[in-house]
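Protein chains in written order, with our numbering: chain A, 113 to 839; chain B, 113 to 839.
Do not rely on the hints blindly, as some may be mistaken.
If several chains are the same, the list does not tell them apart, and a pair holds so long as it fits within one copy or across any two.
Stated by the list, open to error - Straight-line alpha carbon distances no greater than 20 Å define the calculated EDC-like cross-link-like pairs of lysine to aspartate or glutamate that follow:
#	residue 1	residue 2
1	403	642
2	255	239
3	403	583
4	403	501
5	819	769
6	819	803
7	615	663
8	255	227
9	255	769
10	615	399
These are computed hints drawn from the structure, not numbers from a lab.
There are 2 protein chains.
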Amino acid sequence: MNGGDPISRRPAWRSIAAAWELARLDRREAAPSGWIAATVPGAVQLDWARARGLPDAAIGQNVRLYEGLEDYHWLYRTRVPRARLAAGEQLVFACGGVDYACEVRVAGRLAFRHEGLFTPFEIDVSDCPPGAELDVLILPAPKLPGAPPDRTQASRVCKPPVSYGWDWHPRLIPLGLWAAAGFIARPRAHLRHVDFAYTLSGDLSEAAITVAAEAAGGDAQPRWRLLDARGSTVAESASAPVSLRGPRLWWTHDHGEPSLYTLEVTCGGDIYRRRVGFRRVRLVMPEGGWKHPSGFPMSRSHPPVTVELNGRVIFAKGSNWVNADIFPGAITADTLRPLLRLARDANFNVLRSWGGAIVNPDAFFDQCDELGLLVWQEFPLACNCYPDDPAYLRILDQESRSIIRRVRQHPCLGLWGGGNELFNAWSGMTDQSLPIRLLNRNCYDLDPGTPFLPTSPVDGMGHGDYRFRDERGREVFEIFQRARFTAYSEFGCPGPSPAAYLKTFIPEAELWPPRPGTSWQTHHGFEAWEADPTSWLCTATLEHYFGPSGDLDSLVDRGTWLQCVGLQAIFEEARRQKPGCAMALNWCFNEPWPSVAGPCIVNWPARPKPAYHAVRLACRPVLASARFAKFQWRSGETFAAEIWLLNDSADDLPAGELEVTLAAGGRSTRLLLWAHPPVAAGRNLAGPGVEAVLPPVSADAFELSLKASPRTEWSSTYRLSLLPETA
Amino acid sequence: MNGGDPISRRPAWRSIAAAWELARLDRREAAPSGWIAATVPGAVQLDWARARGLPDAAIGQNVRLYEGLEDYHWLYRTRVPRARLAAGEQLVFACGGVDYACEVRVAGRLAFRHEGLFTPFEIDVSDCPPGAELDVLILPAPKLPGAPPDRTQASRVCKPPVSYGWDWHPRLIPLGLWAAAGFIARPRAHLRHVDFAYTLSGDLSEAAITVAAEAAGGDAQPRWRLLDARGSTVAESASAPVSLRGPRLWWTHDHGEPSLYTLEVTCGGDIYRRRVGFRRVRLVMPEGGWKHPSGFPMSRSHPPVTVELNGRVIFAKGSNWVNADIFPGAITADTLRPLLRLARDANFNVLRSWGGAIVNPDAFFDQCDELGLLVWQEFPLACNCYPDDPAYLRILDQESRSIIRRVRQHPCLGLWGGGNELFNAWSGMTDQSLPIRLLNRNCYDLDPGTPFLPTSPVDGMGHGDYRFRDERGREVFEIFQRARFTAYSEFGCPGPSPAAYLKTFIPEAELWPPRPGTSWQTHHGFEAWEADPTSWLCTATLEHYFGPSGDLDSLVDRGTWLQCVGLQAIFEEARRQKPGCAMALNWCFNEPWPSVAGPCIVNWPARPKPAYHAVRLACRPVLASARFAKFQWRSGETFAAEIWLLNDSADDLPAGELEVTLAAGGRSTRLLLWAHPPVAAGRNLAGPGVEAVLPPVSADAFELSLKASPRTEWSSTYRLSLLPETA
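With these hints in hand, go ahead and build the complete structure from the sequences.
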């Protein structure tokens, strides 16, 4: 039933817990021995670690101890329970998907072969004697023969490539029953599948509703009703098409209420409930977007990536979401809740669920539905050349259909994406690649109302930079002020993790100084990204600005400063480029395990870094903003900035005042008192410029402060580096 | 049976000619009267003109007399013939498609409603009494209510928009039975549909063949065999998949033989034959294509448009094909034959069958199969915003499926295109438009082996310029030497039609001087294209170079000179930009009726203009080529050119000599004798530059001559304008 947790939505269904045990097999045909307890959902590595006392993979360099476990066959075993079936009931074994391929044997007989994390399957075991063995033989992790030990090993399968190693993810390839797998007793006459679909009228005042309920094993006709938040029935099944007048629309939290309804479908004794919502998402051309290109020979205009939600253009602010854990089977609703609340509280309205990772379980989308976060969901393809060959297309077809049929039920779904950076040199796929055409086809067939992007970036969109300062010495200020993109769907500034956090996973002996080859490197502090050998600590950049760091706190403070200032600058600059630019999503939001440094703004499992707060402020619906040229200045130098009011809200802003002051070494100078006019909804306002000779003080920083009144919550500050006057 | 002419391929089928008559109805329900004879296939306008003595629409301003005929209902009537059916035979009414919508009534009863040119239909009339009336009521031409009288009226239908008026096509909207429509007696047990499909192995040495033959009304199993050109059976139906080793591949005529086979399918007494062929077409990234873009923020690389045929990258040289007649129903195999031979003889290997026009009948593709011309077939969408609404998507789905199922059977099919310039401002569609996603879906489902472009241009490709000299004074030399596109899929230089040809359709009284408001304007000599009020005679440009023209011959000669030089320059420049550029298709090849001037190189119906020969030479597989800065020079000025050898052939070229001379006023000077080295297959060679002070002679032109030896057929000449020295 569309994945997720079927039981909580089915009062007539009974879940019968399965007790699982697990055996590692030296070869496929080996007789199992040395059974250990298994937790499902989970991963064979977690069970093995518990049983054999392997230390926590997240600490120090322990992750190495997990190497190679993915190359074994693993046998999960449970027994068909004694179920006391009532008349007309059946007992099924239900599995939400497997990481990555398996054979299921019931009472020693092959019952089913399966490949893929995202397609659930069921086996009717009503006629099996209680106590019969049910075995799930997990095959070794797929690794493309001849490929190097990296993500390319996953380029022929629908297994998320990230666990094969990334610049912020260790090489640890999970395996096993990652989704719910157990027994269900239920009426033979039950709802096999429920699809909720609707078409909104052009003016959004009416929803034409279709509920397709497929019933199994009985004559009862499915009936449905739709309940509003107060439990009143607002629509119900009828012979004619059903129309709901004045549906309360689902909005992102910053533009309205994420209104939800409850759909209840009954069929005989079976009842199915889920929350649904109404929204219309489009990608539209930005104002002025058709003016380019001009002149001959003339190419096409850029593909639109401006989000229009329920008829209103919204500036998409947010972040890239990655796996919340290196073991996706360990992710629960409780893992996700604090993370998604942080995303909402960061003033984000969009999350790009990045294609290198899993497609999250329903709990993720349920929470995004509630919190009013729009999700750009990519299929599990990233940075590889996925081939045109029939075997790959077959599994991609199966998995993508399962994903679409499940996720399209959620109003938070805003955008389908084919995968990450597929049309760039390092991937080598193109518009002609059949996997991309297949995904477009499946999205068109199953969810034509949701936009589809073949990949990110498409033409006009930009990915990167991921550094505060590039190898040519250009800083984020220059890079982004010169750029003109329709969307910045990835950009990042790395920053170290807080010292207190570092101490939780870097052994004390390694803590200072950070050195390559130690846990610092294992946790992505050195040689993580090929473009910078000091990534992600970026010690070369830190030394450029500050000289050598004397201790851990100083290193962390300096790096944190750059991350905060850099992300603030990029988010605000992208917003200034509205309406030509319509999106800013930093790389990345969260992380799957503890990193010593990197571009994320929330440490694993859900600890905001200081940069999180800088981003949160830069993403306020309305704020005063300054555009200036660089990070580091000198006393005696003339500092200059443009002053702006940025307004992403749907409200007209009243006139007000903005006081700009520059403070250094305890001295504060007012540079400007700007009586700004009213600002139209969704519009920015460019204000006057300010200039000031930086005073000769001994401080190492100065602060530019933009104080708004009467709306003090629009105020902003910028802390920049100040060097002494050159002799 | 996939459209086309079913009878010639079906010896067991008998065509029974239908005698048609036609009545114009003042309103839908009007009783028909004033019957006139009708020719089918054809158009109601042609029948009306014959009956009422309307003069030829192609002459003078007669086309105006045809205005409004498309707004009537028209009733075609024939009678069910006495067919003498043998046992087991049936009689059907078969219609290849209707322009544009109709109701069919048999013996006074509504039997069928149909919309669309490209989907055939049949009605079983075996049980109708001979002599029963069979009526086809043609509805008025679709015109979107509220739209201006131009192509936008066709933006909700699959009727080619070109006949609603274009800068080279009069507004004359054909209507009626444009395809074959008549009676067929045939076995009830017959082949309903035959699909030939194959997969070539990676090294092209083997073809895995699938023949899907759908039989109707009998138990006989379809059987098939494949015959080579000598009539030997090389493969035949079997229970196992059939593999053909060493298939002779279909090549464009310039790269090999367009090898064809004959497929014969039998089912009971029914036999079906068609020609088939084996080719693999891909769009691949050009050499160096992945290097762009570079730096951050980074967008995607350009979509590939480099044609790879049977594993070999070929430079696509050709032209844009438009309707061969303003009445598509009047186009026959004989109309097409001389045109397609001219295309082949022009050294073209690709024709883009432009989306504003019809999708041609099978005769077109049959001849391209034979001649070795690759076809880029666009769906009938052009320069309009075709909507997401369900009614349009339904007819587009129907028509595109019919088109794909028919055309994919032809080896000459090289590329599907969604339509013309859909992602530009004047159309306003985007990648998110459901019609484009539907076409991508249908092409993926029905013909995944053929590349699909959503529109032309896509990013990296260029359309235009269409003038020798633009409003800023830039000539084609400068425009294209500065441009860097992956493909030039449209570009043009207008030229007048030859004087002798003009005299065939411009009334003598109007012949000189050309004036707006006369037949000159009707036939696109003035105000044809909004960017230039003197288009397509372009008198302003002619006067810029030559001053006023004193007579018709002088006007024609001057315009022809510019068209020849301009097209020569663009084709050769595009070829010099190989491998970054992979395609040059001029706008346009042919025309649907006589124009006084315009960018085509072959006048209607099949009369090559002088520019045809300039293009033919510029498209030779190998030629010597000169790159220079402009058209008009002065005595005393220093002329300079780069000398190149352009090689699109698959052959390595031997070393040789190239003698470059400049001739003016009877004096000839050798500028260079270049002993060039061997040139690799498919590679250009940049040679030395030449320079010369232009002599003070009284001639108005000079000629740059590149004489190749020993391969004299590679020689080229350039005739350029020479002004006297300024005083």
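### Task
State the violated hints by number, sorted upward, taking the hints as numbered earlier in the document.
The structure breaks hints 2, 4, 9 and 10; every other hint is satisfied.
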